[in-house]
Amino acid sequence: MSAMDMFWAMPPVTRTLIAAAVGLSWPAHLINTPDPYYLYFLDYKVLTLKAFPELWRLVTPFLLTGPKLGLILDPYFLYQYGSELELRSSRFSDPGDFLVYMVFVSVVILVVCGYFMGGIMFMSPLTLALAYTYAQENPQRQLSYFVVTFSAKYLPYCMLAMTFLMASPEAAFVQSSGLIAAHMYEFLAKIWPEYGGGRSIISTPVTVRRWFETPGGTAAARPYGTAISGNTTTVPQRATGSGGGWTSGAAGAWNARGSGRRLGD
Numbered sequence: 001m002s003a004m005d006m007f008w009a010m011p012p013v014t015r016t017l018i019a020a021a022v023g024l025s026w027p028a029h030l031i032n033t034p035d036p037y038y039l040y041f042l043d044y045k046v047l048t049l050k051a052f053p054e055l056w057r058l059v060t061p062f063l064l065t066g067p068k069l070g071l072i073l074d075p076y077f078l079y080q081y082g083s084e085l086e087l088r089s090s091r092f093s094d095p096g097d098f099l100v101y102m103v104f105v106s107v108v109i110l111v112v113c114g115y116f117m118g119g120i121m122f123m124s125p126l127t128l129a130l131a132y133t134y135a136q137e138n139p140q141r142q143l144s145y146f147v148v149t150f151s152a153k154y155l156p157y158c159m160l161a162m163t164f165l166m167a168s169p170e171a172a173f174v175q176s177s178g179l180i181a182a183h184m185y186e187f188l189a190k191i192w193p194e195y196g197g198g199r200s201i202i203s204t205p206v207t208v209r210r211w212f213e214t215p216g217g218t219a220a221a222r223p224y225g226t227a228i229s230g231n232t233t234t235v236p237q238r239a240t241g242s243g244g245g246w247t248s249g250a251a252g253a254w255n256a257r258g259s260g261r262r263l264g265d
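Note that full-length UniProt numbering numbers the sequence shown so that position 212 is 212, with each residue one more than the last.
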């Protein structure tokens, strides 16, 4: 499989985010075009009456990766956790659910990190939010993070610890806004409706659902798995082609044969 085949095989939201992040960050960090200064979140440049408000700064901080090793690691984390959630998470089983999740956590990060923590780049909090939701979905899955193996439920805290040690305490503090955003989504979309007796506050608009439907009016199928709501295990299937999946093909063949007869009847 070529690199382009792998790219187009990614789910749409994750694919678009990675393409935008790489297309913006690599020129900005490697050849200083555009100058990263014009991509940072600076509230006094956005909320200004003295000049034209630079509204693009509400979006570009989510697409600007860290320099040096961050040019590789940040897109990798986006791919690793974003595609896993978009394709297989039972939390995002309906069309457009994952996009609504991304918009929600991004808005929370923008407010908490940008206005209260003084952050100017939001890629690190965003990847931490994805890691937190991934950990909630797969708490007992064993992961290897650098040279350490642990349960997935500890993943976001390991990422925070690595940022604290390899970058700075201030960077870890800013990154923690992703935890706040992801947990707020978890509470409003799952904990409060299921265990608190309330109704779900976050829902996917009909217009957004239609964006992810096929021309025939049906939801685009997930190509690499089927997410099942509830406390059940996701059963992976191959993309259906002429032979179908490895489970449905055998079952369909035997179910079509009827009850059968003994020889001589």
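There may be inaccurate statements among the hints.
As the list claims (entries may be wrong) - Each computed DSS-like pair below joins lysine-lysine, with the alpha-carbon atoms no more than 30 Å apart: (1) 190 to 153; (2) 68 to 45; (3) 68 to 153.
Since the hints were made in silico from the structure, they are not lab data.
Against the structure, the hints come out as follows:
no. : hint       : verdict
1   : 190 to 153 : 17 Å, holds
2   : 68 to 45   : 27 Å, holds
3   : 68 to 153  : 28 Å, holds
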